[in-house]
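Asker: Take the sequences, apply the hints, and build the full model.
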Amino acid sequence: MSDLVIETKKLTKIYGEQTAVNSVNLHVKPGRIYGLLGRNGAGKTTIMKMILGLTPITSGEVDVFGQNIKGHEKRIYPRIGAIIETPGFYPNLTGTENLEIFAKLRGTPQPNAVKNALEVVGLPYKDKKLFSKYSLGMKQRLGIANAILHDPELLILDEPTNGLDPIGIAEVRNFIKNLSVERGKTILISSHILSEISLLADDIGIIDHGVLLEESSMDELEKKNRKYIQLQVSDIPKASLILERQFHVTDYAVQDEHNLRLYDTALDMAAINKALVVQDVAVISSQICNDTLEDYFKQITGGAGIA
Amino acid sequence: MMKDLLWAESQKLHRSKILWIAGFATVMVGLIVFAQGQFTFYDRRYIDGAGWFMTAAQSLATFYVLPAVISLLGSYMICREEQEDTLKSLRLIPVDEVKLTLAKMILAFVFSVLIYLLLFAITFLVEAVLHLEALSVGLVLENLKIYFLDGVGVFFAISPIIALVARMKKGYWLALVFAEIYSFAGLFASMSQQLKTVYPMTAVFNISGYYNANMFQVLIGVVILMVCVILSLLILKGWNRKTK
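Listed in order, the protein sequences are those of chains A and B.
Offset between the first sequence (1-based) and my numbering: plus 1165.
Offset between the second sequence (1-based) and my numbering: plus 274.
Worth flagging that the hints you see were computed from the coordinates, not collected in a lab.
Mixed in with the good hints, there may be bad ones.
[What the hints assert, rightly or not] Straight-line distance between alpha carbons at most 20 Å, and here's what the computed SDA-like set of lysine to any residue pairs gives:
no.	chain 1	residue 1	chain 2	residue 2
1	B	373	B	509
2	A	1293	B	284
3	A	1342	A	1330
4	A	1235	B	365
5	B	362	A	1273
6	A	1294	B	358
7	A	1291	B	282
8	A	1304	B	358
Everything numeric in this text was worked out from a predicted model, so none of it was measured.
Answerer: This is the structure in structure tokens:
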């Protein structure tokens, strides 16, 4: 039996002619935060819905806690807390009343479960404000409170910081991190916000157009990100000519009219600088840099679309 | 689990506008019939006749108002889970959707009985204020029985509409329109002996004792209402299978 909390094998979802998710193999390890990063519409929510059995799978397999969720819902669902898309609640009830309904239906044994969950997300207990009057951020917090109400082992959070203000985002981030670090929860979180994933995740899956392009730990990713020499000069065409003819450099990229990147960090920079200056090319700066996750995302997806 | 579901369903109706609409509609029925009772017949107001108000309110309520209100509430309870996007949270508990729908139907049934009993309470109180001495215990209990059975029967008669609207997912207000047409047609059905026996809305009156009916008509009425219940169960069963 696999020791993975979630494992998908060639998971595919096709809507009519459109393939929303294409042969995705996802591996979520216990006690870790797995960040699913992708643009809006990349297929993140569809993957989460398929994992949870909320939408039928076209082909492939999903195992949660080593079991196929279909037919084992009663055993598996109580071990999961989830927010998928915007959290739905009863608008004519308060936050507390809404959670009390879900707690009762779940058979949550702790008497203070609702109060504790609301405290964790910073919402007042027994407040008179109706859900219909909640801001988007409050709705999102209530959704998180509902997801953690029954102290699940696995949290599946689809863009949980949507609609939160910057302070709220930081609070939720810290809270998610604590759940993983202090309480050993396994968390699958999706986002199109790169900084959020890079600050939170232990493992990352990059998805684009329904295809999982990359899956690795953040540590591996950091190692994998290429080092380069950022060179700022006064005349790029002339500098390129010198680099190619004199130093036989081919692995480089021109950024703009003053910047270029040299990907071979073993080059003798002192010699290059000297050669450039001798041939009337002013060297404004030269430094060794690392690709960020953003650079890496752009590199493998081939464009923008993330914040 | 069913106990928890029933508790949850009753909680979900807190501050619900539909309950206020239902209460308002029932009071309005009382007011309209009370106004009708001011007309005179041989120099005597209708309202002055013992039992007239309790009797007259039933037909107006059943042919024009209450079936629509009850089906509105029933279909609202079912449709709102999808419209307010709470169904996915319930599925993740997991909640048995067949039991969930059954709990909603049970609550709509209780609501149907309660709303008829509310109308009975209104009409009885008015009669008691106007002429308490003229009311016999037998008359009051007979009317209480009729109102109670009206509440039970009307729910069974309209249950296919609740089920159909829940399945159509086109908005619960449709239930109000369908039930209004369905109950209003009962007015015409009541003009023919045969139709009166087989049309569900009038069959309710045969069973409850509002109409003078023989045993055969009552039995036919029971069968008709059972068919309505079976029909609604079939529609809901098909719907649950489709949504899974």
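Asker: Now tell me, hint by hint, if it's right for this structure.
Answerer: Each hint, compared with the structure:
no., hint, verdict
1, B/373 <-> B/509, "15 Å, holds"
2, A/1293 <-> B/284, "19 Å, holds"
3, A/1342 <-> A/1330, "18 Å, holds"
4, A/1235 <-> B/365, "12 Å, holds"
5, B/362 <-> A/1273, "18 Å, holds"
6, A/1294 <-> B/358, "18 Å, holds"
7, A/1291 <-> B/282, "17 Å, holds"
8, A/1304 <-> B/358, "13 Å, holds"
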